[in-house]
Structure formats: structure tokens, C-alpha cells
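Protein chains in written order, with numbering that gives the first Met the number 0: chain A, 0 to 168; chain B, 0 to 102; chain C, 0 to 493.
Hints were generated in silico from the structure; no laboratory data involved. For glycine and all other residues, C-beta sits at the position ideal for the given N, C-alpha and C. Be careful, since some hints might not be right.
Subject to a maximum C-alpha distance of 25 Å in a straight line, what follows is the list of computed BS3-like cross-link-like pairs (lysine-lysine) [what the hints assert, rightly or not]: (1) A:Lys-26 / A:Lys-91; (2) B:Lys-27 / A:Lys-26; (3) C:Lys-57 / C:Lys-75; (4) C:Lys-363 / C:Lys-452; (5) B:Lys-27 / A:Lys-91.
These stretches of chain A come out as covered by chain B in the derived footprint (C-beta under 8 Å, 3 or more residues) [unchecked claim]: (6) 36-50; (7) 67-76; (8) 106-115.
Listed below, chain by chain, are the residues.
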Amino acid sequence: MVIADFAFILVAAFVLICACVVVFHNKIIYSAFALLFCFFGVAGLYVFLNAEFLAGTQLLVYVGGISVLILFGILLTKNIEDLTSKEVSTQKIFGGLISVTFLGGLIYMVNSVDWKVSTPKPIENSPVEIGKLFMSDFLIPFEIAGVLLLVALIGAVVIGRDTDKDLEV
Amino acid sequence: MIYNQLETYLVISAILFSLGLYATFTRKNAISILMGVELILNAACINFVAFSNFVEIGLSGQVVTIFLIILAAAEAAVALAIVLHLYRHIQSVNVDEATTLEG
Amino acid sequence: MNTLTATESIPYILPEIILVIGICAVFLVDLLIKKESKTPVALTALIFVVGAFLALLKIDGLEPSYLFSGMLVLDKMNVYFKYIFIISAAIATLVSMQTYTSRKLNSGEYYAFLLTATLGTLLMSGASDLLTMAMSIEVVSIVSYCLAGYKKEDMESSEAALKYVLYGALSSGIMLYGASILFGLTGETNLAGIHTALATTEVNSIALALSIVMILGGIGYKIAFAPFHFWCPDVYQGSPTPVAAFFSVAPKAAGFAMLLRFISVTFTNDPSFTTWIPEIESIGLQKVLIAISILTMTLGNLSALNQTNVKRILAYSSIAHAGYMLMGMAALSFAGVEAILFYLATYLFMNFGAFFVVDHIGRKVGSDEIYAFKGLNTKAPLLAFTMVIFLASLAGLPPMAGFIGKFYLFSALVSSELYLLAVWGLLNSVVSLYYYWRVAKAMYLEESLSDEKVEFNLSGGVLASILAGFTLILGIYFNPLSVWVKSSVSILFG
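So that you can see chain A by itself, here it is in the shape it has in the complex (with noise of 0.2 Å):
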């Protein structure tokens, strides 16, 4: 399986490379566009990781809702030219003390588990099947999901708007 290992480690470098750029880049326009392709390369691990209809969703919802959100955020925002990111130096300090902390920690852990691993076998038919939870185990986390889309839309709406004077025709 030397080509999938080959196209796996592909993948991969692309993920944490981009995912580099978003967290490193000085101007947030680069770091913008460099999560957009982040979020492709993650899409590209849950292929390899048998879960095909997942990969579909972080496309549809990801790539296509969130990362073109962001990206309007900075164009409503000022000239994106300027917009670079502060960055102050003592809490780059702190921060990546943290973060290595956390990374060390986290890859310590990983090592040390003895994670009860079984042969991965892809599942038929998965979109069907994850439908079937929705409407049997998962309902009410579904329902949940409804309502909080509710209002996270209207709440938007409301908060984004000029000003209330707009409404009053």
C-alpha cells in the first residue's frame, strides 16, 4: 500500500502546513485563505479514514459555510491590505509555552495509551445509516441542533444589523 501511505503523507504535510499559515502568517488574509485549504485537507483524512459522507459535509459546510463567512468578515472589515495581525511578544511567550505544553502533554499521551484497537472496517451504505441514527438514538441532540440553528440565525441577524432605525418603516 505504498501509494495510499504516499498520498496519506500528502495529505497530511498539506493539513499542518496550512494549518501553519493560518496561525503564523502576519497578514489574515493569507491566514483566511490558508484555513480554507486546511479545512480541504482535513476533508482529505476522514477519506482515509472511512468516512466518505463526513468529507462531503466538511466540504458543503466548511470549506463552502464557514471559511466564506470568515472571509467576508475580513472583506466587510477595513482595507485587508492593512489588516495584519497584532501580535505582542510577551504572550508569545506565554501563549507558546502553553501550546507546547499542551502539544507535549497531548503526544505524551498519545504514546503512552494503549488504545483498544480494532481492524477498521468501512461501513456500507453510511449515509443511510447515520439518517437512521438522527431519527433513532441521536433525535433529540437533532432537535437540539434545530433550535440552536434557529436562533444562532436570527440572533446573527439581530446583532448584525445597522440599527433598529432600518426596521421602523
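Here the structure of chain A is known, so what remains is to put chains B and C in place on it, guided by the hints.
Just chains B and C, lined up with the frame of chain A:
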């Protein structure tokens, strides 16, 4: 066979998580902080899918991930609305310029 | 164990269903009613809150069960918390009706958000699965972001909302990462299932500790315990005052409900906190809880000392109170849980009362700073008197309800042999006297800056008196509440 090992995915998600954490701690731009949070959420999603593929063979991890994606979308929409609204007030998206509330 | 399927579970979530219908009804009524008068919208919201209360009375006696294949749960403790949430929603609606007649706020969405926040807290207290926990926390959070930024012309309000949303998004991300590790270790998202997996197989205690700490981060953000409390003062100061009052009670109580369920169902082998799964012993969960509670109350009280804004003082005091209640959690005993439940009921009335008075002064005098309270005794004797009752109760002085609440907490600590923590808590209460005293002193002993009377209408006075009455009555005649609390501590296990 790297691609068929749980640990590989967990390490990738750990790196994404730490990068996201670093961004939220160091960035001053509200939108950059949000991008960091999105990285953290993606890391959590990768974990769930990887575990559902290798540990608990089934779909529950994938279903959970779909809910996480919904959650991230809702959060991003509201957060960006708030950022845009604040931008109209102070003409800036930098968190340290929002300093009316101190003490 | 009694697990019900989806269709069987529907009668058990009647209050939630009524609230969901209420949310939609409020939006519709808002569309149908002309812009000028908003009272019908508020009344619609109030009707549905009362409806949810009646539904709650109806489900009170039902047999404790797991609902929707274990996603939610209904047990005695859950019902008790639901009463707290619905009562605080009712008070918040009443206070908002007072507030927004004078302010030009487009209030249709406002009441719908309030109902949604209540719905979220109800779900939070019943969540028995990592996924429902995360989803219900998110419902409360999203609504809170919108409510915090609701005063749109107000710069402070949008700033508060921004801080809230950034901290909130980060902490929910961290919580979800922790949840994913727990899922990987056990292969389950259901709390009872996780407990079975942890009890039967050995897991790595480092990974377990990491995931617990991360999940505690997400819950701790709602409770506002240190070090996740930074958002709290800014958000309370910036948000509309009735909203701040609601935030300081309902989501906090919901966070405690979730914390109690998460810790007891997942990690103890029996309901009385005597035996734990082996890995927890080595992690030292009790030490972590003790450390968090000491840090939280000390930071809250010390930061409150030199504040000049009364809303900020109340915000820091609410952090300190979270610290006191965490002491009850750290006791890890039945008595500790009882103390938390009792304390939350008293805290509901005294905190809402204090915020109500601050809201009133803020509207009439135009400031939340301490100097606005100067000479309130001569300007509005009733408000000043009720405020003193609330402050004395928050400080834990007898014969107020807060005293009994603290008494239960400290006796729980003593019976769990945590003497040092009890002494530290007492010291903190003494420190807190100082800043409550400053507000009281300004009202009674200092001269007012202007001679203007602070007028208030009848319903406002009645509301303040009712809240003060409960604060006093629960301090003197607390037996019924404590009997109810005793019968409510049972958490559904299995």
C-alpha cells in the same frame, strides 16, 4: 502503513489543537482568534472520526462529528456578526482596542 | 435502569416542548403586533414560562428514567434544578417588562432569546451524554452572546459580547477535545456507558486526567470558576441588567447541575460518593476541586474590594459565590450536594433582588457607580431597605437566607473533615463584608449628590418586596426547603 494507524491521526489532531491554542493566545485580531478556535474544533472532529474508525467501530463518532460541525457553524455566524457590529463602533477588530470595560 | 425510547419519552420533556412552542409563538406575536407596544410579546413569553412551570408540576412525580436512549435523564435532582431555572426565567421576564417600557429596545427577539436560554439550561441539567452536554451548553452560550450584545447603541454591550464569544468559543472547543479523548478511551459518549467502561477496564490515568480537566474547562466557563472567570465582570457590566441577573443565576446553576451529574454518574460507583473508579483515586479529583474553589472565591473577593461600579461588584461577588458552592462540590458527599442545592435556591432570590435594585437605580439615576447610590435611603426608602436585605444575605449575615446556605455548606465541609477549607471560606466571607458594606454605607450614611427623588412604580416595588420577602423567609423558616432539598439529592445511576 501510516495511514492505517490511529496514532498518526491523533498526533495530527494534537498538533492542530496546539496551533489553534497558540493562535487564540497570541493573536489580537478577533477574526484570527476565531480561526484558531476553528482549528481546535477541527482537531476534536478528527479525533472523533478516528476513534469511531479504529476503536468503537460504528457510526456514533461520525454522527457526533456532524453535530460538532453544526455547532461550529452556528458559533462562527454569531461571532462574526458580533465582530462586524463592534467594528462599526470602534473601526477596529483588535481585541486590545476594546477597552471601555476595565478593572 | 429504566431507559425509554423516543416516543415514550415525550411526556417527560413537556416543559421543554412548551418552551420551544413559546419561542416560536413569541416570534409570531412580535410579527403580528405593531412596533409601538411590546407588552403583548412579554406577556406571551410569561404565559409560556408559567405553562412550563405547570408542566413541571405535572412531571414532578414521574419515575426517574433515562430518556431518548440515554441522551437525557429525568430524576429528582433534575426536577429541582428545573424549578430554579423556570422561576428565574419568570423573574427575568418580569424585571425585563419593568425595564424595557422606558428603553427603546426591539424586544420581540429579546424574550425569545430569554426563553431559549431557559430551554438550554433545562436541557443542560438533564444531559446525560457528552453530545447533549455539548449541544445544550452551546444553546445557552449562543443565546448569551446575543443577549450580551443586545444593547446595540451601547459600545460596552458589544464589547462584552465580543469578549464573551471569544472566551466561550475557546472553552467549548477545549471541552469538545476533552470529550473526544474520553470517547476514545471508553468507546462511549453516554455517561453511564463511560462509567461502565471505566469500571470494567483499566484506562490510562494521564489521559483520563487530561480529558477531565478539559471537560471541566467547558463546564467551568458556564459556572465562571477560576481560571475561566475573566469574561464574567465585563459581560455582567456590559449586558443589560436583567440579562446579567439571569446569567448570574440560571446558567451558573445549570453548570453546577451538569458538574454534579458528570462527576457522580461517571466516576463514582454508588450514589453516596463513597467508592470511586480506581483511576480517580490516583488523579486526586478532590484536591483539584479544592484548589479550584479556593482560587475562585479568593480571586472573586479580592477583585471586588476596589471596584466602584456596583454591577462589577456583584459580578465579582457572583464569582466568589461560585467558589463557595464549589466547596460543597469538593466535600464530595451527600451533605455537600444538599448544601449546593439549598444555596442555589437562596442565591436565586438574593442575587436577582440585588440586580433588580441596581437596574432600577441605573435607569432612574443613569449610573451603576457607587456614588449613584448615595443617600438612597432618603430618596427611595423601600429600595434602599430591600437592597440592604439582599446585600446582608449575600454577605451571609443572619437572619437572612444566605446565612443558612453558608451554614449548610460549612457543616458539609466539617463532616467531610475539610477544616482548612472551611476556615478559608469563613475568612473569605469576612472579606466580602467590606465591599457589601461600602454599598450599604453609601445608601444610608452618605449625603446624596442631588435632591431628586427616585420614583418607582407600584409593580417594581411589589417585585422588590417579594424578592426581599423570600430572602428573609428562607432565612427564618427554611425547613420546607431543606426537606425538599433532602428529597431531591438523588441522582439517577446505572
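Results of checking the hints against the structure:
1. A:Lys-26 / A:Lys-91: Distance ~17 Å between A:Lys-26 and A:Lys-91 Cα, so the pair holds.
2. B:Lys-27 / A:Lys-26: 13 Å, holds
3. C:Lys-57 / C:Lys-75: 13 Å, holds
4. C:Lys-363 / C:Lys-452: 9 Å, holds
5. B:Lys-27 / A:Lys-91: Distance of about 11 Å is within 25 Å: holds.
6. 36-50: holds (count 9)
7. 67-76: holds (count 7)
8. 106-115: Holds, because 5 residues of the segment 106-115 of chain A bring their Cβ atoms closer than 8 Å to Cβ atoms of chain B.
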